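**Student:** If you read the sequence shown in my numbering, its first letter stands for residue 66, the second for the next number, and so on.
Because the hints were derived from the structure by calculation, they are not lab data. Bear in mind the structure is a predicted one, so any value in this text is a computation, not a measurement. Using N, Cα and C, we set each Cβ at its ideal position, and we do this for glycine too. Hints are not guaranteed to be accurate.
Stated by the list, open to error - With a straight-line Cα cutoff of 20 Å, these simulated SDA-like cross-link-like pairs (lysine to any residue) come out:
hint, residue 1, residue 2
1, Lys171, Lys263
2, Lys185, Lys212
3, Lys185, Leu248
4, Lys158, Asn216
5, Lys205, Asn86
6, Lys185, Lys263
7, Lys205, Leu219
8, Lys205, Leu167
9, Lys212, Glu127
As the list claims (entries may be wrong) - Restraint-style ranges between C-beta atoms, simulated for each label pair:
hint, residue 1, residue 2, range
10, Leu226, Ala264, 15 to 25 Å
11, Arg120, Asp275, 34 to 44 Å
12, Thr146, Glu186, 24 to 34 Å
13, Ala159, Asp262, 11 to 21 Å
14, Leu248, Ala284, 31 to 41 Å
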Amino acid sequence: MELNFEVTMNEYLPLRDVVFNTLRQAILKGELKPGERLMEIQLANKLGVSRTPIREAIRKLELEGLVLMIPRKGAEVAEITEKSLRDVLEVRKALEELAVQLACDKITEEEILQLKRTAKEFEEALKADDVTKFAQADVKFHDVIYKATDNLRLIQLLNNLQEQMYRYRVEYLKRRDFHQKLLQEHQIIIEMIEKRDKAGASERISRHIDNQVEAVIDAIRTKR
66 MELNFEVTMN EYLPLRDVVF NTLRQAILKG ELKPGERLME IQLANKLGVS RTPIREAIRK
126 LELEGLVLMI PRKGAEVAEI TEKSLRDVLE VRKALEELAV QLACDKITEE EILQLKRTAK
186 EFEEALKADD VTKFAQADVK FHDVIYKATD NLRLIQLLNN LQEQMYRYRV EYLKRRDFHQ
246 KLLQEHQIII EMIEKRDKAG ASERISRHID NQVEAVIDAI RTKR
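Given the sequences, and given the hints that come with them, work out the whole structure.
**Tutor:** Here it is as C-alpha coordinates:
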(Lines of atoms letter the chains of each structure in order from A and count residues from 1; the text may use other names and numbers.)
(Lines give C-alpha, C1' and ligand atoms only; values in the text may rest on other atoms or scores of the structure.)
Protein backbone atom coordinates (compact mmCIF):
# COMPACT_ATOMS: atom_id res chain seq x y z
CA MET A 1 0.00 0.00 0.00
CA GLU A 2 1.41 3.37 -1.04
CA LEU A 3 1.02 6.21 1.45
CA ASN A 4 0.18 9.45 -0.34
CA PHE A 5 0.33 12.38 2.04
CA GLU A 6 2.63 15.31 2.56
CA VAL A 7 5.14 15.37 5.40
CA THR A 8 6.06 18.82 6.77
CA MET A 9 8.77 18.78 9.41
CA ASN A 10 8.55 21.67 11.88
CA GLU A 11 11.91 22.12 13.59
CA TYR A 12 10.29 23.93 16.53
CA LEU A 13 7.99 21.06 17.52
CA PRO A 14 8.88 17.79 19.28
CA LEU A 15 9.01 14.87 16.85
CA ARG A 16 5.94 13.18 18.37
CA ASP A 17 3.90 16.36 17.71
CA VAL A 18 5.12 16.58 14.11
CA VAL A 19 4.08 12.96 13.53
CA PHE A 20 0.71 13.51 15.22
CA ASN A 21 -0.04 16.69 13.24
CA THR A 22 1.00 15.06 9.96
CA LEU A 23 -1.24 12.02 10.45
CA ARG A 24 -4.09 14.16 11.75
CA GLN A 25 -4.04 16.42 8.71
CA ALA A 26 -3.81 13.41 6.38
CA ILE A 27 -6.99 12.00 7.95
CA LEU A 28 -8.86 15.32 7.98
CA LYS A 29 -7.98 16.01 4.34
CA GLY A 30 -8.98 12.49 3.32
CA GLU A 31 -5.48 11.47 2.27
CA LEU A 32 -5.76 8.65 4.81
CA LYS A 33 -9.25 7.35 4.15
CA PRO A 34 -11.90 5.89 6.49
CA GLY A 35 -11.26 2.20 7.02
CA GLU A 36 -7.60 2.45 5.95
CA ARG A 37 -5.23 0.54 8.21
CA LEU A 38 -2.41 2.44 9.91
CA MET A 39 0.64 0.19 9.70
CA GLU A 40 3.30 1.37 12.13
CA ILE A 41 6.26 0.15 10.08
CA GLN A 42 5.01 1.72 6.84
CA LEU A 43 4.22 5.01 8.55
CA ALA A 44 7.61 5.04 10.31
CA ASN A 45 9.37 4.51 6.97
CA LYS A 46 7.28 7.18 5.25
CA LEU A 47 7.97 9.77 7.96
CA GLY A 48 11.56 8.69 8.60
CA VAL A 49 11.03 8.09 12.32
CA SER A 50 10.99 5.17 14.75
CA ARG A 51 7.76 3.35 15.62
CA THR A 52 7.54 5.01 19.07
CA PRO A 53 6.25 8.46 17.93
CA ILE A 54 3.93 6.67 15.46
CA ARG A 55 2.46 4.63 18.31
CA GLU A 56 2.04 7.76 20.48
CA ALA A 57 0.35 9.63 17.62
CA ILE A 58 -2.06 6.77 16.97
CA ARG A 59 -3.06 6.74 20.66
CA LYS A 60 -3.81 10.49 20.54
CA LEU A 61 -5.75 10.10 17.31
CA GLU A 62 -7.81 7.38 18.96
CA LEU A 63 -8.72 9.78 21.79
CA GLU A 64 -9.91 12.29 19.18
CA GLY A 65 -12.11 9.67 17.56
CA LEU A 66 -10.12 9.79 14.32
CA VAL A 67 -8.69 6.28 14.73
CA LEU A 68 -10.18 3.00 15.93
CA MET A 69 -8.22 0.16 17.51
CA ILE A 70 -9.59 -3.15 16.17
CA PRO A 71 -8.77 -6.29 18.21
CA ARG A 72 -6.31 -8.61 16.40
CA LYS A 73 -6.22 -6.18 13.49
CA GLY A 74 -4.67 -2.96 14.73
CA ALA A 75 -5.41 0.72 14.07
CA GLU A 76 -7.52 2.04 11.24
CA VAL A 77 -8.97 5.41 10.27
CA ALA A 78 -12.43 5.74 11.83
CA GLU A 79 -15.49 6.01 9.63
CA ILE A 80 -17.61 9.16 9.89
CA THR A 81 -20.96 7.81 11.07
CA GLU A 82 -24.28 9.45 11.88
CA LYS A 83 -24.13 7.95 15.39
CA SER A 84 -20.69 9.35 16.21
CA LEU A 85 -21.68 12.73 14.77
CA ARG A 86 -24.89 12.94 16.81
CA ASP A 87 -23.13 11.79 19.99
CA VAL A 88 -20.51 14.54 19.75
CA LEU A 89 -22.88 17.30 18.64
CA GLU A 90 -25.52 16.59 21.30
CA VAL A 91 -22.88 17.24 23.95
CA ARG A 92 -21.45 20.20 22.07
CA LYS A 93 -24.87 21.85 21.73
CA ALA A 94 -25.57 21.67 25.46
CA LEU A 95 -22.14 23.10 26.34
CA GLU A 96 -22.26 25.80 23.63
CA GLU A 97 -25.66 26.98 24.87
CA LEU A 98 -24.22 27.29 28.37
CA ALA A 99 -21.17 29.09 26.97
CA VAL A 100 -23.17 31.78 25.13
CA GLN A 101 -25.37 32.35 28.17
CA LEU A 102 -22.31 32.90 30.37
CA ALA A 103 -20.70 35.04 27.67
CA CYS A 104 -23.79 37.30 27.64
CA ASP A 105 -23.13 38.01 31.34
CA LYS A 106 -19.36 38.28 31.29
CA ILE A 107 -18.08 39.31 27.86
CA THR A 108 -16.05 42.52 27.76
CA GLU A 109 -16.14 45.22 25.08
CA GLU A 110 -12.66 44.14 23.97
CA GLU A 111 -13.85 40.55 23.59
CA ILE A 112 -16.86 41.69 21.55
CA LEU A 113 -14.46 43.49 19.20
CA GLN A 114 -12.32 40.36 19.07
CA LEU A 115 -15.40 38.28 18.22
CA LYS A 116 -16.19 40.64 15.34
CA ARG A 117 -12.59 40.44 14.12
CA THR A 118 -12.58 36.64 14.13
CA ALA A 119 -15.91 36.62 12.25
CA LYS A 120 -14.30 38.84 9.62
CA GLU A 121 -11.23 36.58 9.49
CA PHE A 122 -13.54 33.62 8.92
CA GLU A 123 -15.23 35.46 6.05
CA GLU A 124 -11.84 36.20 4.49
CA ALA A 125 -10.71 32.57 4.96
CA LEU A 126 -13.74 31.36 2.97
CA LYS A 127 -12.34 33.13 -0.10
CA ALA A 128 -9.39 30.74 -0.12
CA ASP A 129 -9.55 27.15 -1.35
CA ASP A 130 -8.26 25.52 1.83
CA VAL A 131 -10.84 23.81 4.02
CA THR A 132 -8.43 23.45 6.95
CA LYS A 133 -8.05 27.27 6.99
CA PHE A 134 -11.85 27.62 7.04
CA ALA A 135 -11.99 25.21 9.98
CA GLN A 136 -9.21 26.95 11.93
CA ALA A 137 -10.91 30.34 11.45
CA ASP A 138 -14.23 28.88 12.66
CA VAL A 139 -12.51 27.41 15.72
CA LYS A 140 -11.05 30.85 16.54
CA PHE A 141 -14.52 32.43 16.43
CA HIS A 142 -15.94 29.93 18.92
CA ASP A 143 -12.80 30.14 21.09
CA VAL A 144 -13.49 33.83 21.78
CA ILE A 145 -16.95 32.91 23.11
CA TYR A 146 -15.47 30.16 25.29
CA LYS A 147 -12.85 32.50 26.73
CA ALA A 148 -15.54 35.09 27.50
CA THR A 149 -17.28 32.63 29.86
CA ASP A 150 -14.34 32.94 32.30
CA ASN A 151 -15.09 29.35 33.34
CA LEU A 152 -11.89 27.33 33.07
CA ARG A 153 -13.56 23.93 33.44
CA LEU A 154 -16.11 24.70 30.72
CA ILE A 155 -13.34 25.98 28.43
CA GLN A 156 -11.38 22.77 29.04
CA LEU A 157 -14.39 20.59 28.19
CA LEU A 158 -15.18 22.57 25.04
CA ASN A 159 -11.56 22.51 23.87
CA ASN A 160 -11.50 18.74 24.25
CA LEU A 161 -14.72 18.52 22.29
CA GLN A 162 -13.32 20.86 19.62
CA GLU A 163 -10.73 18.20 18.79
CA GLN A 164 -13.40 15.53 18.36
CA MET A 165 -15.52 18.00 16.36
CA TYR A 166 -12.79 19.03 13.95
CA ARG A 167 -13.41 16.28 11.43
CA TYR A 168 -17.13 17.01 11.26
CA ARG A 169 -16.45 20.72 11.01
CA VAL A 170 -14.21 20.07 7.99
CA GLU A 171 -16.94 17.97 6.34
CA TYR A 172 -19.44 20.78 6.92
CA LEU A 173 -17.14 23.48 5.58
CA LYS A 174 -16.55 21.53 2.37
CA ARG A 175 -20.16 22.45 1.52
CA ARG A 176 -19.71 25.83 -0.14
CA ASP A 177 -23.48 26.20 -0.48
CA PHE A 178 -23.62 26.59 3.32
CA HIS A 179 -20.96 29.30 3.59
CA GLN A 180 -23.32 32.28 3.30
CA LYS A 181 -25.63 30.81 5.93
CA LEU A 182 -22.65 30.31 8.25
CA LEU A 183 -21.61 33.94 7.89
CA GLN A 184 -25.13 35.09 8.70
CA GLU A 185 -25.33 32.80 11.73
CA HIS A 186 -22.06 34.17 13.10
CA GLN A 187 -23.32 37.74 12.75
CA ILE A 188 -26.60 36.97 14.53
CA ILE A 189 -24.78 35.19 17.37
CA ILE A 190 -22.57 38.27 17.81
CA GLU A 191 -25.62 40.55 17.88
CA MET A 192 -27.37 38.43 20.51
CA ILE A 193 -24.28 38.32 22.74
CA GLU A 194 -23.69 42.05 22.32
CA LYS A 195 -27.32 42.68 23.39
CA ARG A 196 -26.80 40.31 26.35
CA ASP A 197 -29.80 38.37 25.06
CA LYS A 198 -29.28 34.95 26.67
CA ALA A 199 -32.39 33.31 25.22
CA GLY A 200 -31.69 34.64 21.74
CA ALA A 201 -28.01 33.68 21.81
CA SER A 202 -28.83 30.20 23.11
CA GLU A 203 -31.49 29.63 20.44
CA ARG A 204 -29.17 30.84 17.66
CA ILE A 205 -26.19 28.71 18.69
CA SER A 206 -28.52 25.71 18.95
CA ARG A 207 -29.79 26.30 15.42
CA HIS A 208 -26.21 26.84 14.22
CA ILE A 209 -25.23 23.37 15.45
CA ASP A 210 -28.43 21.70 14.20
CA ASN A 211 -27.68 23.03 10.72
CA GLN A 212 -24.21 21.49 10.96
CA VAL A 213 -25.70 18.12 11.90
CA GLU A 214 -28.06 18.19 8.91
CA ALA A 215 -25.29 19.16 6.47
CA VAL A 216 -22.82 16.50 7.63
CA ILE A 217 -25.48 13.75 7.70
CA ASP A 218 -26.44 14.74 4.16
CA ALA A 219 -22.76 14.45 3.16
CA ILE A 220 -22.46 11.03 4.84
CA ARG A 221 -25.56 9.70 3.06
CA THR A 222 -24.45 11.13 -0.29
CA LYS A 223 -21.16 9.19 -0.06
CA ARG A 224 -22.94 5.84 0.43
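**Student:** Lys158 and Asn216 were given as a pair; does the straight-line alpha-carbon distance stay at or below 20 Å?
**Tutor:** holds (17 Å)
**Student:** Take a quick look at whether Lys185 and Leu248 sit within 20 Å of each other, Cα to Cα.
**Tutor:** Measuring from Cα to Cα gives roughly 9 Å; hence the hint holds.
**Student:** Holds or violated: Lys212 with Glu127, Cα cutoff 20 Å?
**Tutor:** The hint is violated at about 27 Å.
**Student:** CA of Lys205 to CA of Leu167, is that 20 Å or under?
**Tutor:** The hint holds at about 18 Å.
**Student:** Take a quick look at whether Lys205 and Leu219 sit within 20 Å of each other, Cα to Cα.
**Tutor:** Holds - the C-alpha atoms of Leu219 and Lys205 are around 16 Å apart, at most 20 Å.
**Student:** Straight-line Cα separation of Lys205 and Asn86 no greater than 20 Å?
**Tutor:** Status holds; Cα separation ~18 Å.
**Student:** Determine whether the Cβ-Cβ distance between Thr146 and Glu186 falls within the hinted range of 24 to 34 Å.
**Tutor:** Holds, since Thr146 and Glu186 (Cβ atoms, about 32 Å apart) stay within the stated range.
**Student:** What's the verdict on Lys185 and Lys263, does the C-alpha distance respect the 20 Å limit or exceed it?
**Tutor:** The given pair, whose Cα atoms are some 23 Å apart, is violated under the 20 Å limit.
**Student:** Falls inside 34 to 44 Å, the C-beta gap from Arg120 to Asp275?
**Tutor:** holds (38 Å)
**Student:** Holds or violated: are the alpha carbons of Lys185 and Lys212 at most 20 Å from each other?
**Tutor:** holds (18 Å)
**Student:** For the pair supplied as a hint, Lys171 and Lys263, confirm whether the alpha-carbon distance does not exceed 20 Å.
**Tutor:** This hinted pair holds, its Cα atoms lying about 11 Å apart.
**Student:** Against the range 31 to 41 Å, how does the distance between the Cβ atoms of Leu248 and Ala284 compare: consistent or not?
**Tutor:** Violated, since Leu248 and Ala284 (Cβ atoms, about 20 Å apart) do not stay within the stated range.
Hints 6, 9, 14 from the earlier list are contradicted by this structure; the remaining hints agree with it.
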